[in-house]
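K.L.:
Here are the chains, one letter per residue:
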Amino acid sequence: MTTVRARLAVPTVAATPRRALVLGLALAAVVAFLLFRGQWTLPHDDDYFLFRILNGVRDTVEANRTVLEPVRAGVAGLVGLFDDLLASLGWPGVIAAATAIGLIFGGVRVALLALVGFAILGSLGLWESSMAVLAMMLVAVLLALGIGLPLGIIAGRSERVSAALSPVLDFMQIMPTLAYLTPITLLFLIGVAPSVIATLIFAVPAAIRITALGIRGVPAETVEAARSLGATEMQVLTKVLLPLSRRPVGLAINQTIMLALSMVVITSLIGAPGLGRNLQNALSKVDVGASFDAGIAIVILAILLDRLTNAAGEWLDPRERAARHGPRWVTIGAALVLVVVGLAIPFVVNATVFPDTFAVSFREPVNALVDWFTSTFHAITIGIKDVATTLVLNPMESVLTTAPWWLVVGSITTLAWYVSGRRAAIVVATCFALIIGLGLWEHSMATLANVVLGTLLTLGIGLVVGILSARHDRFRSFLRPVLDAAQTLPAFVYLIPALALFNPTRFTAIVAAIIYALPPVIRLVDVGIRSVSETVVEAATASGATQRQLLWKVQLPMSRHALLLAANQGIVMVLSMVVIGALVGAGALGYDVITGFAQGTDFGKGLAAGIAIVLLGILLDRITQAAGARRQAGMETAG
Amino acid sequence: MRHTIVGRYLAVSLVTLLIVAGCAKSSGGTAAPATAGPSAGGAAPTEQASSGASAGAATCTGSGDKGTVQLMINQWVGAEANVAVAQCLLQQMGYKVTTNTLAEEVAWQGFSTGEVDVILENWGHPDLEKKYITDGKQATDVGPNGVTGIIGWYVPAWMVEKYPDITDWNNLNKYADLFKTSESGNKGQFLGADPTFVQYDEALISNLGLDYKVIFSGSEAATITAFQQADKNKTPLIGYFYDPQWLLNEVKLDQVKLPPYTPGCDADLKKVACDYPPYVLNKIARTAWLDKGGDAVTFVKNFSWTNADQNEVADYVTNGNMTAEEAAKKWLDAHPDVWKAWLPKS
Numbered sequence: 003m004t005t006v007r008a009r010l011a012v013p014t015v016a017a018t019p020r021r022a023l024v025l026g027l028a029l030a031a032v033v034a035f036l037l038f039r040g041q042w043t044l045p046h047d048d049d050y051f052l053f054r055i056l057n058g059v060r061d062t063v064e065a066n067r068t069v070l071e072p073v074r075a076g077v078a079g080l081v082g083l084f085d086d087l088l089a090s091l092g093w094p095g096v097i098a099a100a101t102a103i104g105l106i107f108g109g110v111r112v113a114l115l116a117l118v119g120f121a122i123l124g125s126l127g128l129w130e131s132s133m134a135v136l137a138m139m140l141v142a143v144l145l146a147l148g149i150g151l152p153l154g155i156i157a158g159r160s161e162r163v164s165a166a167l168s169p170v171l172d173f174m175q176i177m178p179t180l181a182y183l184t185p186i187t188l189l190f191l192i193g194v195a196p197s198v199i200a201t202l203i204f205a206v207p208a209a210i211r212i213t214a215l216g217i218r219g220v221p222a223e224t225v226e227a228a229r230s231l232g233a234t235e236m237q238v239l240t241k242v243l244l245p246l247s248r249r250p251v252g253l254a255i256n257q258t259i260m261l262a263l264s265m266v267v268i269t270s271l272i273g274a275p276g277l278g279r280n281l282q283n284a285l286s287k288v289d290v291g292a293s294f295d296a297g298i299a300i301v302i303l304a305i306l307l308d309r310l311t312n313a314a315g316e317w318l319d320p321r322e323r324a325a326r327h328g329p330r331w332v333t334i335g336a337a338l339v340l341v342v343v344g345l346a347i348p349f350v351v352n353a354t355v356f357p358d359t360f361a362v363s364f365r366e367p368v369n370a371l372v373d374w375f376t377s378t379f380h381a382i383t384i385g386i387k388d389v390a391t392t393l394v395l396n397p398m399e400s401v402l403t404t405a406p407w408w409l410v411v412g413s414i415t416t417l418a419w420y421v422s423g424r425r426a427a428i429v430v431a432t433c434f435a436l437i438i439g440l441g442l443w444e445h446s447m448a449t450l451a452n453v454v455l456g457t458l459l460t461l462g463i464g465l466v467v468g469i470l471s472a473r474h475d476r477f478r479s480f481l482r483p484v485l486d487a488a489q490t491l492p493a494f495v496y497l498i499p500a501l502a503l504f505n506p507t508r509f510t511a512i513v514a515a516i517i518y519a520l521p522p523v524i525r526l527v528d529v530g531i532r533s534v535s536e537t538v539v540e541a542a543t544a545s546g547a548t549q550r551q552l553l554w555k556v557q558l559p560m561s562r563h564a565l566l567l568a569a570n571q572g573i574v575m576v577l578s579m580v581v582i583g584a585l586v587g588a589g590a591l592g593y594d595v596i597t598g599f600a601q602g603t604d605f606g607k608g609l610a611a612g613i614a615i616v617l618l619g620i621l622l623d624r625i626t627q628a629a630g631a632r633r634q635a636g637m638e639t640a641g
Numbered sequence: 004m005r006h007t008i009v010g011r012y013l014a015v016s017l018v019t020l021l022i023v024a025g026c027a028k029s030s031g032g033t034a035a036p037a038t039a040g041p042s043a044g045g046a047a048p049t050e051q052a053s054s055g056a057s058a059g060a061a062t063c064t065g066s067g068d069k070g071t072v073q074l075m076i077n078q079w080v081g082a083e084a085n086v087a088v089a090q091c092l093l094q095q096m097g098y099k100v101t102t103n104t105l106a107e108e109v110a111w112q113g114f115s116t117g118e119v120d121v122i123l124e125n126w127g128h129p130d131l132e133k134k135y136i137t138d139g140k141q142a143t144d145v146g147p148n149g150v151t152g153i154i155g156w157y158v159p160a161w162m163v164e165k166y167p168d169i170t171d172w173n174n175l176n177k178y179a180d181l182f183k184t185s186e187s188g189n190k191g192q193f194l195g196a197d198p199t200f201v202q203y204d205e206a207l208i209s210n211l212g213l214d215y216k217v218i219f220s221g222s223e224a225a226t227i228t229a230f231q232q233a234d235k236n237k238t239p240l241i242g243y244f245y246d247p248q249w250l251l252n253e254v255k256l257d258q259v260k261l262p263p264y265t266p267g268c269d270a271d272l273k274k275v276a277c278d279y280p281p282y283v284l285n286k287i288a289r290t291a292w293l294d295k296g297g298d299a300v301t302f303v304k305n306f307s308w309t310n311a312d313q314n315e316v317a318d319y320v321t322n323g324n325m326t327a328e329e330a331a332k333k334w335l336d337a338h339p340d341v342w343k344a345w346l347p348k349s
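The listed protein sequences derive, respectively, from chains A and B. Taking my numbering, the leading residue of the first sequence gets 3, the next gets one more, and so forth. Taking my numbering, the leading residue of the second sequence gets 4, the next gets one more, and so forth.
These are computed hints drawn from the structure, not numbers from a lab. We treat Cβ as the ideally placed atom computed from N, Cα and C, and that holds for glycine. A couple of the hints might just be wrong.
Just the calculated beta-carbon pair ranges, DEER-fashion [said to hold, decoys possible]: (1) T432/A with W161/B: 18 to 26 Å; (2) V421/A with A276/B: 36 to 44 Å; (3) F379/A with K273/B: 51 to 59 Å; (4) D130/B with T432/A: 32 to 40 Å.
To spell it out: a stretch of chain B is covered by chain A in this simulated footprint if at least three of its residues, at any positions, have a beta carbon under 8 Å from a beta carbon of chain A; those stretches are [stated by the list, open to error]: (5) 97–106; (6) 114–123; (7) 132–146; (8) 161–173; (9) 255–262; (10) 267–279.
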């Protein structure tokens, strides 16, 4: 009782002195900045000793790489197997098989979707590329699930394993995709095998996390009940835990596939065949239309795989299956007919090349549209860029890079302490120490300025659009497909239009990051506001609250947790675009990663920059995540 | 209930059958129905039966199975042009050709894995040459490809009309204000290149005492878009560019004269104060592949053409809306005198 009262007392009694303290500290920081500006800075040095040490490590690894040759050969062999399988089916076989799978698991609608979707891949002239992606993805997903599901089950049952795995998974998820292509080419060289391994590393954390969540979600009483009836550990797992977490496991498979697809495109940079290469070729010709075709093919593949795995996941649930209408033999019969027909077609027509009778391409209209759009809005967008850069970005970057390092570290650590508590402050200080140790202070500060502006803009736009979407059903249904496409369309597609509108600048990178990070933020805001209970909203309306009062006094405060989660996700996603942003002029850490990947002499710097991005990510994540948790806890005790 | 569902399945099957029938009619109408595999090399030629490499350039297919050649395509269109022409001729000679598009550093690794046989256009890279040719012996220099690479500082042609003396580096400080952007602060902006390219502009600017700041575009696509926009909107831009490059057929750029290159003036990249050297672009092949010998090796050794040849093919691909293969065929038809010399004499 006393503890609760004490905790309740803190905000009311201590608020005034604490606020004064914060104000005083902020003032002191400003004075210190003005006094010591330009001193104790840590300017960038390309010849930092650590970079050279990492180069040395690289040479040693290169000399001993043969150890890993079996892994490389094994993975490559597996992909070859799937390649051959898809090739032997030919396009009619693959389409028929996909349609049959859709029919059995999801019914007629899913089957039709599969049929039409795969046919479009062919008529875009991208059949071979799509199949190459599919084969690599299937292998990556199989391996990711082979590793991820068992690990997830173990992590779900043991707190200790879960705690040990968590930071590793954090690291894997925040590390920018391009940054770990460097160490992977070092270990596995180029081609299909390293691409599959990179994809696997990218996709496996989701598989582990969601599976663990599912296992943990099984009520403890159910497990106890099974044990008391004399079930062995194995029986508990196979008869209780797994059947009861079918849906989360289905979701894990689904998410693994989605992540793998987004990564497999990027691996074209290390020699993976497929749609990623089409995108890259289009990019080198600055041909937005051609890259749009390839991008659409990727979106279609994503939709198909999403719907098919979702359908399969639901089918796994016996209740769901029982609720279906129609006799099974008809389904299976129709599926069989489809497959037989599909396999028979190769005897009639050439099945290796998709007929170009149905050829479609969005290339010309898209190029025309982009030309019109960029030349019409160029002047306006350049103005926006100039204003944002000179008023916000440049001052922020200059403060962060010219202030003494101890002032930046001290201020942000104190901020972390204030909003998120001591543990967060310790993590933040450690991350800063490591960044300084990596010799990348200046570039990290420049990147931090970009990420902060990108996140603020993302949250601002996300909040407005999310609120609109939560309050207008029609707007929401219009928005949904747009968000779906924005989430699956590879960033490479919209980089060129962004360049034409904003020139190669840091702001262009920020725009790309906003497009990438907005969909989840909008969704979270929308869900947060919608989940405020009906009765509360009705009560407020009944007591005479206006729409505006309802929003500001009821809906937004009550969905605070979802909003903080949105902020957190926004930061992580903006950060994950840092490297891609460097392709359009962002410079700083992202550029270091790309040079490290491209030039042998910069390997060490690139690797260090990749790690620095992860450290920035952990730092920002801890500040916002802990703030969310703290507020939530505060509200619960207060209420 | 049951009837409607059966009906739906029937409808789906019918639709499938119809589509299948459509396809069969379109592509299989005249072809023999027996073979389904990729082996049918003889099905395609319509104009003439090509037998061996001596035949015309009308098709890029040939008979015979002399093995596979793995050609590497660098990420620029000129390199795609090299490969398209070589691929067409090698296929006529009876080889199967696989291609791979890779960043330069990554491509050289392919020599040690056996995934790349030939790079048809190499721009310098002394560090890689040392690692894979001198030390590793995994790759061998097979001579120039005939194209000369010119790296330098370029401005859009409209700027030269307006400020005629801008092409001399001595006058660049005078114009620094023109090039100021939101990125470069109070200095002029110099647009730096794709990070994979050979470059030392930051050192050049500081050693020549120029009032400019290098802003890296980050990719070739970004540089090209920037020059296109600078031409279209008449906005000032100075940056790193190179010839051969397809953009030069679309947008006119002029080179700024830097202190001339003398051998050795770029020895210490921290003190460099001279223009980039002209790059005699060369071909690199995997040593083990060369040792196998054969017509393809002779062909690769002989392969040599000019900047104009390469730009012609690259222009067909980029601005002429052709596939690489169509562009190669068009060039091959027009220049038999050039490519006949590459073929092995038999």
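K.L.:
Among all the numbered hints in the text so far, which are the ones the structure does not match?
P.N.:
Violated: hints 1, 2, 3, 7, 8, 9 and 10.
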